[in-house]
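Chains A and B supply the protein sequences, listed in that same order.
Position 74 of the first sequence, counting from 1, maps to 85 under the working numbering, and the rest follow consecutively.
Position 32 of the second sequence, counting from 1, maps to 181 under the working numbering, and the rest follow consecutively.
Please note: incorrect hints may appear among the correct ones.
Unchecked claim - Some but not every residue of chain A turned toward chain B, in silico, with C-beta under 7 Å: (1) Tyr29; (2) Ser36; (3) Leu43; (4) Ile44; (5) Tyr109; (6) Thr123; (7) Gly129.
Calculated from the structure, these hints are not laboratory results.
Glycine included, C-beta positions come from ideal geometry on N, C-alpha and C.
For reference, the chains in residue letters:
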Amino acid sequence: MPARRENKLARITSSVMYIGCTAASIVILLLLIWITGYLVSIGTASLNLDFFTQVATGDPEAPGGMKHAIRGTIILLAMASMVGVPLGLLTGIYLSEYAADAGLLNTIVRFTADVLTGLPSIIVGIVGYELIVVPMGGYSGYAGAAALAFIMIPIVARTSEEMLRLVPQSYREGSLGLGATKAQTIFRVVLPAAAGSVVTGIMLAFARVAGETAPLLFTALGSRLLSTDPAKPFPSLTLQIYSYATGPYVKERQMAWAGMLVLIAMLFLLNMLIRYVAHRSVRKFQVS
Amino acid sequence: MAESATNPAGVLTASGGGFAQASPRKRRTAKASVVLFDTALKWVCRGAACTILIMLALPLIVLIRQAWPAIQAYGAGFLVTSTWRANELEQPARDAAGKIIIEGGETVMTVLPAQFGALPVLYGTAVSSAIALLVAVPFGLAAALFIVRIAPKLKIAGPLSFLIEFLAAIPSLAYGIWGLFVLAPLLSTTIGPAMAKVLGNVPGFDWMFYQTIIIGGTATRRPISFTGRDMLCGGLVLGIMILPIITAVSRDVLKNVPRAQIEGSVALGATWWQSSIEMLRFGRAGLFGAVMLGLARAAGETMAITMVIGNNNQIVPSPFAPAQTMASLLANEFAEATTGMHSAALLYVALILLVMSLLFNIVARYFVVGKAVK
């Protein structure tokens, strides 16, 4: 008898928890729809053509647009990628292709890269300030780009390593068997085979860095000018959104909301693209 | 790892070399540049890998060096001192005192130490992260179980996973804006007063709604005003922010639990929940890692928390009082304190934050990577 009661209790508990898990997921879903819905609705209400074509006026009643900030972010991202992508990719190649050379160093580097991806971004900004802004004598786009590159390198390294590992070992063996050197194998066989997915890893790092604000606070500083000189304080979309959103002026806040919408839309498209490319390139090796 | 250990690449390169020896002289000189390139690439890649190590060491070295005046002046007592008076230090006289310390004057060093203490920000970071985990862990685990065990039946596991990954990619600034314009007003006008109405007169809950302030030597008890930008708002926003990452990592951990483990328990008559418990127990190391990863993210988060936590260096037990975390302190004060002990103390805080987040991350990675994927 008691066993049966226990059984019944267990079944009731199970049903309750089953419903609980479903309910919790629905709550999360609703919450996230609320948040993104709110951001999209206030964003679309404030977005207009001036946002893309005008520069900040400094007048709180007519703040102009964010052309300078959008251009600034694109330049910052490009500069960060010029350093971050090659360094990250080479590290990824090392981790994936030269693994047998030094087991311990390999493990340490991989672990360090993982730990670095979790570094608080404000720390990156402060280190950038002490290492670049202070010696150079002022805030600059270079310092901002360096801080972003710092964040990109470990992400690109780890994702490209994972992607290169997906390339079947037989590809390498075939190439080496024909007399190719390791470098030839990497550049002519492994990298082309994994090109799509390596691009995914780079885009992933890109998406992460595009939304960063904290590393730029003490490095690029932000600017309301249409500046393209990286030696001076540099405009950035996220910095501009932050200063407008926390400011007291309604018109400027609307500008911040529109900026947030543009950023989120961009990240959404990037994520869709990543998923599409990653899916395709993973499947490529699974089928064969 | 096992694969690379048995990788015959080395053997094959050697036989390739043998082949080159048999080829004509002209081919051989061409080969020399190829071999040179091969060696160069190997060293360049090795160099790049070493950059990663430097990238870890560099912040530590820089922060220790720049924070050294504060470390020397306060030592470990910094962690338990609750006074943070930055404004007085900005006076010129105090600035000069800060310079003397660097040169080694000891009498001034004993005057200044009471001014900077990290206890309020440590408290703020700990409590806001705790609130965040309290929100994110139950919901995150429930959602992970849902995605792994229920969603596939409904054929929505794919879209859900995409959604979770996209949400993890939304910048913290977005959550900050939502917290500032939606959650904070809601807390200050609706939730806060409602809770005060219900719990305000219940004994044992008054610490939530009253704050003791010392004015002119006498302690006065005052009701806390609901500004909305407080510890609770900060904790909730952090919780929502780390929800996607906890869910995503837990999902991966639970997916790696061998099917046989679950099917076995179901075959023995276990209910859905009993087999889920079995699943959670099997993946507990990885799940712990997921929680640590979330904790590291919450503790180091800057932008969103700065926007909603109220930025007040105080230790008040009430969740409705404004507070400050290590990261928000840095975001607020670092740009204004470029000289003297203030900036050294801030860098000391940054160093503590860095070491703490490194520890969290190391523990998390150890459990997620080392234990779960087996």
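The hints, checked one at a time:
Nearest Cβ of chain B to the Cβ of Tyr29 (chain A): about 5 Å, under the 7 Å cut. The hint holds. For Ser36 (chain A), the interface hint holds, since its Cβ comes within 7 Å of a Cβ in chain B; the closest pair sits about 4 Å apart. Interface restraint check for Leu43 (chain A): the shortest CB-CB distance to chain B comes to about 6 Å, inside 7 Å, so the restraint holds. Here the hint on Ile44 (chain A) is broken, as its CB sits about 10 Å from the closest CB of chain B, past 7 Å.
A cut of 7 Å between beta carbons decides the hint on Tyr109 (chain A): the least distance to chain B is about 6 Å, and the hint holds. Among the interface hints, the one on Thr123 (chain A) holds; its C-beta lies about 5 Å from the nearest C-beta in chain B, closer than the 7 Å criterion. Because the smallest distance between the Cβ of Gly129 (chain A) and any Cβ of chain B comes to about 4 Å, under 7 Å, the interface hint for this residue holds.
In this structure, only the earlier hint numbered 4 is contradicted, and the remaining ones agree with it.
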